[in-house]
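**Q** Which chain is which? The protein sequence lines are H and F, in order. Residue 98 in my numbering sits at position 96 of the first sequence, with consecutive numbering throughout. Residue 76 in my numbering sits at position 73 of the second sequence, with consecutive numbering throughout.
Hints were generated in silico from the structure; no laboratory data involved. None of the values given here were measured: they were computed from a predicted structure. Some clues are possibly wrong.
As the list claims (entries may be wrong) - Covered by chain F, according to a simulated footprint, are these stretches of chain H (three or more residues, beta-carbon under 8 Å):
1) 309 to 316
2) 332 to 342
3) 584 to 591
4) 695 to 709
As the list claims (entries may be wrong) - Here are some chain F residues pointing at chain H (derived, C-beta under 10 Å):
5) Leu18
6) Gly20
7) Ala25
8) Cys39
9) Trp51
10) Ile52
11) Ala54
12) Leu61
13) Ala62
14) Phe65
15) Ala73
16) Pro92
17) Ser106
18) Ile107
Every residue gets a Cβ at the ideal spot worked out from N, C-alpha and C, and that includes glycine.
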Amino acid sequence: MQLPPISLGCNSPMTDMVTSPADDDTRRDAERKQLGRIWAPPSGWRIISAVNNTIVGYFYIGAAFLFFLLAGILALLMRTQLAVPSNTLLSPDTYNQIFTMHGTVMMFLFAVPAVEAMGILLLPQMLGARDLPFPRLGAFAFWAYFIGGLVFFGTLFFELAPSGGWFMYPPLTSTRFSPGIGADFWLLGIGFIEISAIAGAIEIIVGVLRTRAPGMTLGRMPMFAWTMLIFATMIVFAFPAVILATIMLELERAFGWPFFIAEKGGDALLWQHLFWFFGHPEVYIIFLPAAGMVSMIVATMARTPLVAHNLIVVALIATGFFSFGLWVHHMFTTGIPVMSLSFFSAASMAVAIPSGIQVFAWIATIASGRLQLATPALFILGFLFIFTLGGLTGVMVAMVPFDWQAHDTYFVVAHLHYVLVGGMVFPLFAAIYYWAPALSRTPLSETLGRWSFCLMFLGFNVAFLPMHLLGLWGMPRRVYTYPAEMGWQTLNLVATAGAFTLAAGVAVFLVDLIRNLRPSVSEHAGNVWSAGTLEWMPGHVFGPRSIPGVESRYPLWHQANLQQESETGRHYLPSAPTGGRETIVTSPIEALPQYLLRLPGPGWSPFLAAAFTAAFFMLLTVKWVTVATACGLLAIAFILIWTWSNDPEPVGEVDIGCGVAAPAYMSGPASPAWWATVIVMLVAGSLYLSFVFSYLYLWTVAPKSWPAAGAPLVPIANAWGAAALLVAAGGAMLAANTALAFNRAGCAVLVCASAAALVLALGLEVSGHLATGLRPEASGYAALVYLASALQLEVVAAIVVIALVVLARLACGRLSHARRVTFETLALLTYYAVGQGLLGLLLVHGFPRGIG
Amino acid sequence: MKARPRSMLEFIMALNGPIVWAAHFFFLYLADALACSGPGLASETIRWIGATATVVALALTFLSLRIARATCGRGSRTAEAEQHFSFAPPLIVLSMVAILWTSIPLLVLPTCAPGSV
Chain H
3 MQLPPISLGC NSPMTDMVTS PADDDTRRDA ERKQLGRIWA PPSGWRIISA
53 VNNTIVGYFY IGAAFLFFLL AGILALLMRT QLAVPSNTLL SPDTYNQIFT
103 MHGTVMMFLF AVPAVEAMGI LLLPQMLGAR DLPFPRLGAF AFWAYFIGGL
153 VFFGTLFFEL APSGGWFMYP PLTSTRFSPG IGADFWLLGI GFIEISAIAG
203 AIEIIVGVLR TRAPGMTLGR MPMFAWTMLI FATMIVFAFP AVILATIMLE
253 LERAFGWPFF IAEKGGDALL WQHLFWFFGH PEVYIIFLPA AGMVSMIVAT
303 MARTPLVAHN LIVVALIATG FFSFGLWVHH MFTTGIPVMS LSFFSAASMA
353 VAIPSGIQVF AWIATIASGR LQLATPALFI LGFLFIFTLG GLTGVMVAMV
403 PFDWQAHDTY FVVAHLHYVL VGGMVFPLFA AIYYWAPALS RTPLSETLGR
453 WSFCLMFLGF NVAFLPMHLL GLWGMPRRVY TYPAEMGWQT LNLVATAGAF
503 TLAAGVAVFL VDLIRNLRPS VSEHAGNVWS AGTLEWMPGH VFGPRSIPGV
553 ESRYPLWHQA NLQQESETGR HYLPSAPTGG RETIVTSPIE ALPQYLLRLP
603 GPGWSPFLAA AFTAAFFMLL TVKWVTVATA CGLLAIAFIL IWTWSNDPEP
653 VGEVDIGCGV AAPAYMSGPA SPAWWATVIV MLVAGSLYLS FVFSYLYLWT
703 VAPKSWPAAG APLVPIANAW GAAALLVAAG GAMLAANTAL AFNRAGCAVL
753 VCASAAALVL ALGLEVSGHL ATGLRPEASG YAALVYLASA LQLEVVAAIV
803 VIALVVLARL ACGRLSHARR VTFETLALLT YYAVGQGLLG LLLVHGFPRG
853 IG
Chain F
4 MKARPRSMLE FIMALNGPIV WAAHFFFLYL ADALACSGPG LASETIRWIG
54 ATATVVALAL TFLSLRIARA TCGRGSRTAE AEQHFSFAPP LIVLSMVAIL
104 WTSIPLLVLP TCAPGSV
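All chains, please: the whole structure from these sequences, using the hints.
**A** Written out as structure tokens, the structure is:
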């Protein structure tokens, strides 16, 4: 393969030198028509079968905004209830459901999906890609979230909504204190919506690292792409902790596995550890993409490159790491030893440094340029004011003695809204006003935008500033009313007036959207702000006319004629060399073009797979097990239909423009499929490490009864047998890899042997424990022992399904030594399962013996 | 001139600073949790273990800084296109500050005093 030099500008394609201008025009016209035909979206109601980012991105951001409005209405109900003392508008139980749903919907159905939506929508255009590498995964993620989210929200109308707070602490949420199915809706609904967030994260990580325009090195990558990369990586490591927690609490509620029941050797605090190990990074998962949007908008509005670009990257990475060392600051009042608390307190203060670096860099950028005070800039200024105040109160509650006073009061409510609304909602509104001309036929109205900003800014501060005082005066969170003699009514009434003013601002924004927003995949208002990044190039349904060679952080500012050259097809991929949807895959650091990735077109399988996945989880909640199982099987069936067309027939090198020839097929470590599989392994590994933490944590709580109440251990020979089977499974897969080159039948046998060995190892392990009389309902210890096997079962079940696909592909001639991506996926997951299984055996059999 | 694509491993190596910070932080937390929960270490030894871990972490970050400076050069003097990992040196310095900062409780606080109201 021919690799071009690091400077990837592409101004004089050879084709232009040997053909006449008339021929060129004809060819370009034909190319444009061909691209338009290939990327044409489905029309009418069939639009829901679309998979490309622009259309799914619009759906995604629209759905997120819908949930923002719904959760906002819940907030208004709460504020109305609290406007006067001893109010009877809402019953205590309804109020509990409403505040639980407000927090849950805002965090899980609005904030994370909204920033993920902005990523799906903007990243391809910003990176110069035709689409992200896994469009069907993006569509699946959206539909799973949207359908699941609607059903979840609908529970509110049937008095079935959860009522234990958005963080669902047991024992309040155990069957003893929450006997209804509201908590189950939360656990199953949110659990699988998180899986959809992980699917989106995989798409974003691989997209940012592998589909950037040639020449867009890491040093030239737009700040929003940096933040989305860090955002998605944080999801990979943070979300598995809460997925494990939801699995454990649901197992406890449904089958009596007592992970969180103290009298059976469990511990309710374990939930808090797992939840906040996700929950605190979650705050930064929401904030970092918003910070990325701010960095993009500030540079354009100040008409100057971002000051301290490099230091902002440093700050983003540091925030991503530090945010994983803060979770215990939500648990300062739980009796953890004071030195541990202080480590987390120190880390909580330390994270202010990178946030401060960003704030000062933005201020310096504004100071070094000439700020255009349009609506996006107003929202950015509002963000700076509100977020900085929230950050300062954050440092206050990071101090343990202060937190002991302020914990569970309205001070914390004020702080978290200053951080989240300031840090995410204001930047998002800025972003919508800023990017609307790149996505819509007409920009949004400046007049309505200013009104919206003024009402929102004023309303927000009137609503939440008094809550600091209310908190300091002792008003607790989550109370449905208060007596008049507490003296809280005036400030509560002021806060309610502020909330309605804020809502009026959102209503004005809504009017603006209805009047002016006309989303389009091909006709845009244009670069009204004179921005410098690629998403402002003329857009088409297929992305850029030709993918530009990038030589600057702000290519539209520094590369004269780039737009015209791209529009006339003088850059990369001006046509569709394989006749289908394609984008260029580049190397992760320098963005050197490596190969041409063929992408799938519209199809129903992602939508149907998502609908049946949602049905599976929601029907399990209402205990329609048979129908749920049928839906689960249908979901798997549609996923299999979709994967069948993956890994197309290899073709040789093709011309991707600019005189570069690249292969149109790639397997092995350079392929996006390999990268996605590695990320899935990281997710599974994070989940398993959360399990290992849970095991060791419960041991530290009850070390003297480990194994609990003298439960007999399985003979060590069982463990050695299972370990031998696991190693054999790995060996068989290695041998299958070799056999694939020359003996397909042998390869098929070895794949079967490998999967069978994994199943047998699991069977040996579970039967060993059953034979000793150990039952998961008996104790926290026993439940953890069986949980190790349950987690292994998840991985092994996936491997068995993929092994069947591999066998079917081998039989149909769709898998060979050259065409091997499906096999590589299976092999990687098998090696992972072997590693996880061995670690599980070491923990379950080795640890009790080691401490004994 | 043919360019050699750099690998993701080099990218991950450039994150050495915060990786060492994370290892140090979780080590301190786990050591303290074990020391104070009964089954593990004698409580006073945590101070010495923590101090040793801090010295090791600082030494590792210092070494990483030397390597990063040697391989990345000074960011501002390098062409923008080549600034792949110019974030590494300041990131390591920030991590060193965070390591020192999160270690301060070792010097000033009793080890296993209950932390409740």
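**Q** Quick check: which numbered hints come out false for this structure?
**A** Result: hints 9, 10, 11, 12, 13, 14, 15 break, sorted rising.
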